[in-house]
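Undergrad: So the chains spell out like this:
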Amino acid sequence: MGITRRRFAKGAAAIAGAGLLTGMGHAAYGQVRPKVVVIGGGAGGATTARYLAKDSKGAIDVTLIEPTKAYYTCFFSNLYLGGFRSLESIGHTYDRLASDFGVNVVHDWAVGIDRDAKTVTLAGGGSVPYDKLVVAPGIDLIYDSVPGYSLQAASLMPHAWKAGTQTALLKNKIATMREGGTFAMVAPPNPYRCPPGPYERVSMVAHLLKQSNPTAKIVVIDPKEAFSKQALFMEGWEKHYPGMVEWLPASIHGGIESVNPQTGEIVTGLDTIKADVANIIPAQKAGRIAEAAGLTNESGYCAIEPATMQSKADASIHVIGDACIAGDMPKSGFSANSQAKVAAMAIRADLTGSSKFPPRFSNTCWSLIATDDGVKVGARYEAGEEKIASVDSFISQTGEDAALRKMTYEESVGWYEGITADMFG
Amino acid sequence: MGVSGVRSGVLGIALAIAWAGSVLPAMAREELVDQGRKLFRQCQSCHQVGPKARHAVGPYLNNIFGRRAGTLEGFRYSDAMKQAGQDGLVWDEAVLAAFIADPPGTVKGTRMKFRGLKGEADQKALVAFIRQHSPGSSNIPETPPTAPVHASAGDPDLPEHILSITGDPAYGEYLSSECVTCHQASGEDKGIPSITNWPARRFVTVMHAYRSKYRENPVMRSVAASLTDEEIASLAVYFETLE
Ligand SMILES: Cc1cc2nc3c(=O)[nH]c(=O)nc-3n(C[C@H](O)[C@H](O)[C@H](O)COP(=O)(O)OP(=O)(O)OC[C@H]3O[C@@H](n4cnc5c(N)ncnc54)[C@H](O)[C@@H]3O)c2cc1C
Numbered sequence: 001m002g003i004t005r006r007r008f009a010k011g012a013a014a015i016a017g018a019g020l021l022t023g024m025g026h027a028a029y030g031q032v033r034p035k036v037v038v039i040g041g042g043a044g045g046a047t048t049a050r051y052l053a054k055d056s057k058g059a060i061d062v063t064l065i066e067p068t069k070a071y072y073t074c075f076f077s078n079l080y081l082g083g084f085r086s087l088e089s090i091g092h093t094y095d096r097l098a099s100d101f102g103v104n105v106v107h108d109w110a111v112g113i114d115r116d117a118k119t120v121t122l123a124g125g126g127s128v129p130y131d132k133l134v135v136a137p138g139i140d141l142i143y144d145s146v147p148g149y150s151l152q153a154a155s156l157m158p159h160a161w162k163a164g165t166q167t168a169l170l171k172n173k174i175a176t177m178r179e180g181g182t183f184a185m186v187a188p189p190n191p192y193r194c195p196p197g198p199y200e201r202v203s204m205v206a207h208l209l210k211q212s213n214p215t216a217k218i219v220v221i222d223p224k225e226a227f228s229k230q231a232l233f234m235e236g237w238e239k240h241y242p243g244m245v246e247w248l249p250a251s252i253h254g255g256i257e258s259v260n261p262q263t264g265e266i267v268t269g270l271d272t273i274k275a276d277v278a279n280i281i282p283a284q285k286a287g288r289i290a291e292a293a294g295l296t297n298e299s300g301y302c303a304i305e306p307a308t309m310q311s312k313a314d315a316s317i318h319v320i321g322d323a324c325i326a327g328d329m330p331k332s333g334f335s336a337n338s339q340a341k342v343a344a345m346a347i348r349a350d351l352t353g354s355s356k357f358p359p360r361f362s363n364t365c366w367s368l369i370a371t372d373d374g375v376k377v378g379a380r381y382e383a384g385e386e387k388i389a390s391v392d393s394f395i396s397q398t399g400e401d402a403a404l405r406k407m408t409y410e411e412s413v414g415w416y417e418g419i420t421a422d423m424f425g
Numbered sequence: 001m002g003v004s005g006v007r008s009g010v011l012g013i014a015l016a017i018a019w020a021g022s023v024l025p026a027m028a029r030e031e032l033v034d035q036g037r038k039l040f041r042q043c044q045s046c047h048q049v050g051p052k053a054r055h056a057v058g059p060y061l062n063n064i065f066g067r068r069a070g071t072l073e074g075f076r077y078s079d080a081m082k083q084a085g086q087d088g089l090v091w092d093e094a095v096l097a098a099f100i101a102d103p104p105g106t107v108k109g110t111r112m113k114f115r116g117l118k119g120e121a122d123q124k125a126l127v128a129f130i131r132q133h134s135p136g137s138s139n140i141p142e143t144p145p146t147a148p149v150h151a152s153a154g155d156p157d158l159p160e161h162i163l164s165i166t167g168d169p170a171y172g173e174y175l176s177s178e179c180v181t182c183h184q185a186s187g188e189d190k191g192i193p194s195i196t197n198w199p200a201r202r203f204v205t206v207m208h209a210y211r212s213k214y215r216e217n218p219v220m221r222s223v224a225a226s227l228t229d230e231e232i233a234s235l236a237v238y239f240e241t242l243e
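First to last, the sequence lines map onto chains A and B. Anchor point for the first sequence: position 89 equals 89 in my numbering, and the numbering is continuous, going up by one each time. Anchor point for the second sequence: position 62 equals 62 in my numbering, and the numbering is continuous, going up by one each time.
If you're looking for bench data, these hints aren't it; they were derived computationally from the structure. For each residue, glycine too, the CB sits at the ideal point set by N, CA and C. One thing to keep in mind: the hints can contain errors.
[Unchecked claim] List time: in silico EDC-like cross-link candidates among lysine to aspartate or glutamate, alpha-carbon distance up to 20 Å:
| no. | chain 1 | residue 1 | chain 2 | residue 2 |
| --- | --- | --- | --- | --- |
| 1 | A | K217 | A | E265 |
| 2 | B | K113 | A | E417 |
| 3 | A | K406 | B | E230 |
| 4 | B | K213 | A | D271 |
| 5 | A | K54 | B | D34 |
| 6 | B | K190 | A | E179 |
| 7 | A | K274 | A | E257 |
| 8 | A | K356 | A | D392 |
| 9 | A | K217 | A | D271 |
| 10 | A | K356 | B | E31 |
| 11 | B | K213 | A | E400 |
| 12 | A | K224 | A | D328 |
| 13 | A | K356 | B | E230 |
| 14 | A | K406 | B | E173 |
| 15 | A | K162 | A | D140 |
| 16 | B | K190 | A | E305 |
| 17 | B | K38 | A | D401 |
| 18 | A | K57 | B | E230 |
| 19 | B | K190 | A | D328 |
| 20 | A | K387 | A | E305 |
[What the hints assert, rightly or not] Ranges of calculated distance between the beta carbons of each label pair, as one might list FRET restraints:
| no. | chain 1 | residue 1 | chain 2 | residue 2 | range |
| --- | --- | --- | --- | --- | --- |
| 21 | A | E88 | B | I162 | 14 to 24 Å |
| 22 | B | G119 | A | N172 | 50 to 60 Å |
| 23 | A | A402 | B | D157 | 30 to 40 Å |
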């Protein structure tokens, strides 16, 4: 239904543009249809585009700008490393957003935002006008936050913090590592995408090595002193992978001084660790386009109005997902999806006068420690004056029985199906 | 029928041992049933058991043992299920276990959208629990000597004034956007139960069971804690209409 209306409207706009029907009331409908442009087709952007198109039933013209044709979810990419998932099973295309919901999907990079003219410039040339803009480019990596690391070095020492070829590269390196070799991870400093992610990755790499290379070692060199779900991960590593994983906080290793992509060496204040496979996860900031448009502050991320996700710098722009400063909400796919619905509702209310309901935010992050051993942490949030604030939270407990852990893992599988259907239709 | 001879044979032996009545101490049976009660949560979105059980998305499951498939009054079965019953499919231990393990593999074309419960131990426990609600089942050969009838796995009853709140489906639709991150709007059930097409009163009862912390799942407790009675009613009317 949305599609037919949309097709009609598009047709009408084309005709009106050609000057044939100018002056006729209903033809003008096509021209005044408000335009929303969404930059980035990830957890935040794809969800926003789908909800805007679906709920406005064609009344809003939605364009999604995303360079890649297949989006590989970072969520469950660790399960791919562990051998629980195939790479194909975490890849998704934008076909249904276009065919079932009438979203204009443009496969290109947004390279500039002219906030006065309200247009987005594309790498392939041309520009797209907007009434409201949604900026959801995820993160960019600050390579030189780890001295010696760089974009080029990422082919020798993958970060795999954006899923796809980097993840496949890392998996290949682990699979071909010498017997008894060392897998070393440099974990990121706060704030970063997916707080439990590095430690779930350690679990999955351990799971893989336990079968294929049981004398291998895993070392985590962490700039932090503590991490998300620490007690649960530590317990799980002890239980499933005794003696394999060593976690070094900053107070022990004395700081990460440099890495050498050629030799695999990681130099810390205390020691030099020679890695057979190195996984370097550097510090992060909002996707570059947000910075180029002047939406970021000194933190490298974008400040927003908690109730609507509007940029503090520009009320016509909403920033969601990893790129924004979402108060107590962690940078996760679940959070981005939750914020997307709040932003879509606010935008629709502004552009079409639809009802405005109170915003609702929540997050749950599941992690897999070993086969059928899943844990979770989650919370609900409210839009406060200053920030999105946590109001209620829960976390798996240490010592839970195997049946509960299995159920938790199965929940995460259900969630993956649910959220990807919610993003891509 | 999909229940292969080998499979039901193996299962039959396992069950015969487990239920050799005097061999299995009462405590172990209780534990088995308790485990089954927990597993029944996976069925609860669609089936009821116990004294107040009624048809919901699926038929009620009281007195299922020894009954032909697809034969309860007042429930609209798929043609496939009715046909299976006419062809002689009767629910007993082995058939139930096989159906729970793989619904479409056992009754091809069934309308029951359930991914299947893996693991023989879990299947056995669930069947043991369902058997508690078939009091007449002691007449069936492989049954344990009379098992006690347990209270239903039901949730606490709610007063009428809460059950009869009229929800706003438009508000329900907005609120549902939070739910469909986990529960698929299509009704597909893979690790998280389906919540579409439930009778509204049942939906309300279940949501209150999470809010009052009678039900345990922490995610759902947290979801329910943030909802008012009116919001729950709105969600219930909205989801009731989703096929
Ligand atoms: C290993 C790992 C495991 C994770 N596990 C989980 C998990 O279990 N649960 C969970 O909830 N989260 C998890 N996450 C976090 C989750 O992946 C991110 O938080 C989420 O993807 C953020 O969504 P987003 O929309 O902000 O960004 P993204 O999903 O990264 O999407 C951004 C999109 O924008 C596009 N883009 C960037 N710049 C431009 C531009 N200039 N023009 C056009 N398009 C552009 C990119 O191509 C990309 O597709 C995990 C992350 C990692 C790395």
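Undergrad: Evaluate each hint against the coordinates.
TA: Right, here's what the structure says about each hint:
Between K217(A) and E265(A), the direct Cα distance comes to roughly 15 Å. Compliance with the 20 Å bound is thereby established for this hinted pair. Distance check on the hinted pair: K113(B) and E417(A) sit about 15 Å apart at the alpha-carbon level, within 20 Å; holds. Pair hint K406(A) plus E230(B) does not hold up; C-alpha atoms about 34 Å apart against a cutoff of 20 Å. Between K213(B) and D271(A) the CA atoms are separated by roughly 51 Å; this puts the pair beyond 20 Å, and the hint is violated.
Between K54(A) and D34(B) the alpha-carbon distance is near 44 Å, which puts this suggested pair outside the 20 Å criterion. Between K190(B) and E179(A) the alpha-carbon distance is near 38 Å, which puts this suggested pair outside the 20 Å criterion. Among the hinted pairs, K274(A) with E257(A) is consistent with the structure: their alpha-carbon atoms are about 14 Å apart, no more than 20 Å. The straight-line distance between the Cα atoms of K356(A) and D392(A) is roughly 24 Å, outside the 20 Å bound, and the hint therefore fails.
Between K217(A) and D271(A) the CA atoms are separated by roughly 16 Å; this keeps the pair inside 20 Å, and the hint holds. Among the hinted pairs, K356(A) with E31(B) is inconsistent with the structure: their alpha-carbon atoms are about 50 Å apart, more than 20 Å. With a C-alpha separation of about 19 Å, the suggested pair K213(B) and E400(A) falls inside the 20 Å cut-off, and the hint holds. At most 20 Å may separate the alpha-carbon atoms for a hinted pair to count; K224(A) and D328(A) meet this at roughly 18 Å.
Using a Cα cut-off of 20 Å, the hinted pair K356(A) and E230(B) holds, with the two alpha carbons roughly 17 Å apart. Restraint check: the Cα-Cα separation between K406(A) and E173(B) comes to about 31 Å, which exceeds 20 Å; the hinted pair is violated. Taking the CA atoms of K162(A) and D140(A), the gap is about 9 Å. The hint holds against a cut of 20 Å. Taking the CA atoms of K190(B) and E305(A), the gap is about 36 Å. The hint is violated against a cut of 20 Å.
Of the pairs offered as hints, the one joining K38(B) and D401(A) holds, with about 13 Å between alpha carbons and a cut-off of 20 Å not exceeded. Between K57(A) and E230(B), the direct Cα distance comes to roughly 26 Å. Violation of the 20 Å bound is thereby established for this hinted pair. Our distance criterion of 20 Å between C-alpha atoms is broken by K190(B) and D328(A), whose separation comes to about 30 Å. Distance check on the hinted pair: K387(A) and E305(A) sit about 8 Å apart at the alpha-carbon level, within 20 Å; holds.
As the Cβ distance of E88(A) to I162(B) is approximately 47 Å, the hint placing it in 14 to 24 Å is violated. Distance hint check: the CB atoms of G119(B) and N172(A) are about 33 Å apart, inconsistent with the given range 50 to 60 Å. Separation of A402(A) from D157(B) is about 33 Å and conforms to the stated range, judged on CB atoms against 30 to 40 Å.
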